[in-house]
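Residue numbers (the numbering used here), protein chains in the order written: chain A, 217 to 557; chain B, 2 to 110.
Fair warning: there could be bad hints in the mix.
As the list claims (entries may be wrong) - Some, not all, of what chain A presents toward chain B, calculated at C-beta under 8 angstroms:
#1 V243
#2 K266
#3 Y278
#4 F313
#5 V316
Since the hints were made in silico from the structure, they are not lab data. Backbone N, C-alpha and C fix where the C-beta goes; we use that ideal spot for every residue, glycine too.
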Amino acid sequence: MSLTTSFLGLTLQSPVMVASGPASHDVNQVRLAEEQHAGAVVLKTACSDKYEHMRFWPRPRYKLLDWDKQMDGRSKVFSLYSYEQGYSGTLEDYWKFIRVSKEHAKVPLIASIFADDAEDWADMAKRVEQSGADAIELDISSPHKPGSLGFETTFVAAIKAVMGAVRFPVLVKLAPSPELLHQCRVAEECGASALTLCNRLRGFDVDIETQRPILHGNFAGVGGPWAKYYTLRHVAEAALVSKIPISGTGGVMSGEDVIKYVLLGATTVQILSVIMVNGWESIARINKEIEEYMQRKGVTSLSEIRGKALQAMTHPEEIIRWSGEPKSGSRNLWKETGEQE
Amino acid sequence: MISGQMMKYRGLYPFPPSFAKEFPPIAQVVEEHCIACDRCPPICFFDAIVMENRPGHKYSRTAVIINANCTGCGLCFDACPVDAIIWIPDKDGEAKPKTASPLMEDTDL
Ligand SMILES: Cc1cc2nc3c(=O)[nH]c(=O)nc-3n(C[C@H](O)[C@H](O)[C@H](O)COP(=O)(O)O)c2cc1C
Ligand code: SF4
Ligand code: SF4
Numbered sequence: 217m218s219l220t221t222s223f224l225g226l227t228l229q230s231p232v233m234v235a236s237g238p239a240s241h242d243v244n245q246v247r248l249a250e251e252q253h254a255g256a257v258v259l260k261t262a263c264s265d266k267y268e269h270m271r272f273w274p275r276p277r278y279k280l281l282d283w284d285k286q287m288d289g290r291s292k293v294f295s296l297y298s299y300e301q302g303y304s305g306t307l308e309d310y311w312k313f314i315r316v317s318k319e320h321a322k323v324p325l326i327a328s329i330f331a332d333d334a335e336d337w338a339d340m341a342k343r344v345e346q347s348g349a350d351a352i353e354l355d356i357s358s359p360h361k362p363g364s365l366g367f368e369t370t371f372v373a374a375i376k377a378v379m380g381a382v383r384f385p386v387l388v389k390l391a392p393s394p395e396l397l398h399q400c401r402v403a404e405e406c407g408a409s410a411l412t413l414c415n416r417l418r419g420f421d422v423d424i425e426t427q428r429p430i431l432h433g434n435f436a437g438v439g440g441p442w443a444k445y446y447t448l449r450h451v452a453e454a455a456l457v458s459k460i461p462i463s464g465t466g467g468v469m470s471g472e473d474v475i476k477y478v479l480l481g482a483t484t485v486q487i488l489s490v491i492m493v494n495g496w497e498s499i500a501r502i503n504k505e506i507e508e509y510m511q512r513k514g515v516t517s518l519s520e521i522r523g524k525a526l527q528a529m530t531h532p533e534e535i536i537r538w539s540g541e542p543k544s545g546s547r548n549l550w551k552e553t554g555e556q557e
Numbered sequence: 002m003i004s005g006q007m008m009k010y011r012g013l014y015p016f017p018p019s020f021a022k023e024f025p026p027i028a029q030v031v032e033e034h035c036i037a038c039d040r041c042p043p044i045c046f047f048d049a050i051v052m053e054n055r056p057g058h059k060y061s062r063t064a065v066i067i068n069a070n071c072t073g074c075g076l077c078f079d080a081c082p083v084d085a086i087i088w089i090p091d092k093d094g095e096a097k098p099k100t101a102s103p104l105m106e107d108t109d110l
């Protein structure tokens with residue numbers, strides 16, 4: 217039995233990867249992830265020079281919503297509300313970050329970038345490749361990106377430009393939306409090597425005492441353990457039609473959650489919030505939970521069960537339906553008594 | 002009822018403090034309020050909170066925030082059950098990332 221997973225021509229020692237964010241902003245963190253046997257690390261997204269302001273972060277930038285103080289990190293109902301921006305150094309720092317991380321760790325590294333002009337995308341992707349990253353993820357779906365940048369208007373050209381500029385694997389990270397399936401198809405047609413589904417949604421919260429929006433005063437990224445239910449659906453939908461591998465991300469708290477993503481067709485799973493609230497040991501714990509499941513189910517490699525639940529999906533036309541009306545409860549009582557008291 | 006609860010947790014809502022335009026805010030533990038419940042050290046993702054012994058303190062221990070490590074992120078505020086964490090101005094700090102590792106400094110790469 218082994219967690220070894222092949223993904224984009226790389227051999228990962230686990231399907232569990234660290235997602236782009238504050239847990240992959242520094243070399244030491246890459247080493248921590250490696251110690252915990254993460255399969256790979258997606259580095260924090262670096263923004264093009266045009267978005268230099270996104271290298272500066274407001275304080276505070278996080279708020280734990282609905283955090284159960286009694287449950288501590290075991291809580292499964294919280295939301296992590298955040299306005300975290302891009303990698304906080306310059307692009308030169310970022311290339312160096314990749315080089316130094318490669319020097320100090322063996323875990324596969326996937327860099328992540330954001331820009332608007334296709335030219336910037338291509339230049340940055342080239343620099344990432346030269347710096348020695350194993351792959352690149354295109355973050356075209358951050359909840360903080362300017363709303364004016366659309367998929368068709370900006371990012372299709374970006375994917376094409378990057379595909380033309382580099383030879384290593386390119387992942388495209390998409391956001392949950394009704395257009396997601398279409399975007400998956402387009403990304404695949406453009407030659408993307410894999411899909412990362414999904415980034416977090418843009419949310420909003422206000423404080424009713426002060427009657428002001430919380431935190432920095434504007435919309436924020438929001439997610440939590442509950443977010444897995446719609447990402448699981450998006451992964452399933454995409455897995456049914458795409459031929460390229462899928463890296464699922466969203467709401468994973470345990471090994472069971474990873475298994476769910478795999479059963480719905482994901483090859484790898486990216487985690488972040490659980491590391492932030494439960495610590496780095498979460499990675500090793502989740503690996504162990506996956507192994508326990510495999511042991512219990514007699515599975516030797518996750519490829520044996522990948523997409524298994526997809527095959528068991530019921531087509532809407534084949535869902536068995538019964539008349540529910542006679543048993544609908546007290547609201548139908550008048551039918552029986554003729555009159556209500 | 003809601004407002005009663007809000008009052009209790011008022012200080013836990015991490016709005017940027019009033020001095021935030023001038024100085025980067027960082028968190029600080031008000032030691033007299035701390036009940037040494039051990040909740041905040043694990044929630045801090047930046048290893049900025051440690052528990053220290055305090056002879057004479059009601060609980061003999063208290064949480065302490067290491068200024069140099071605190072990124073002012075706001076996570077710890079929601080973990081504290083007694084409103085013991087407040088914002089203070091980081092007067093000699095700059096709004097710069099605090100996680101850059103020495104590995105990035107001593108290298109010719
Ligand atoms: C604080 C925070 C910062 C993030 N920053 C980035 C980022 O810079 N680039 C990116 O592609 N995704 C970013 N994400 C999204 C994560 O990579 C991940 O896909 C998402 O949080 C879902 O996983 P989770 O539920 O395990 O946290 C961020 C998420 C959080 C919570
Ligand atoms: S504000 Fe953030 S970095 Fe500072 S002590 Fe609290 S959790 Fe740690
Ligand atoms: S969470 Fe609050 S009470 Fe508990 S140790 Fe930290 S500062 Fe003290």
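Checked hints:
no. : hint : verdict
1   : V243 : holds (4 angstroms)
2   : K266 : violated (20 angstroms)
3   : Y278 : holds (5 angstroms)
4   : F313 : holds (7 angstroms)
5   : V316 : holds (5 angstroms)
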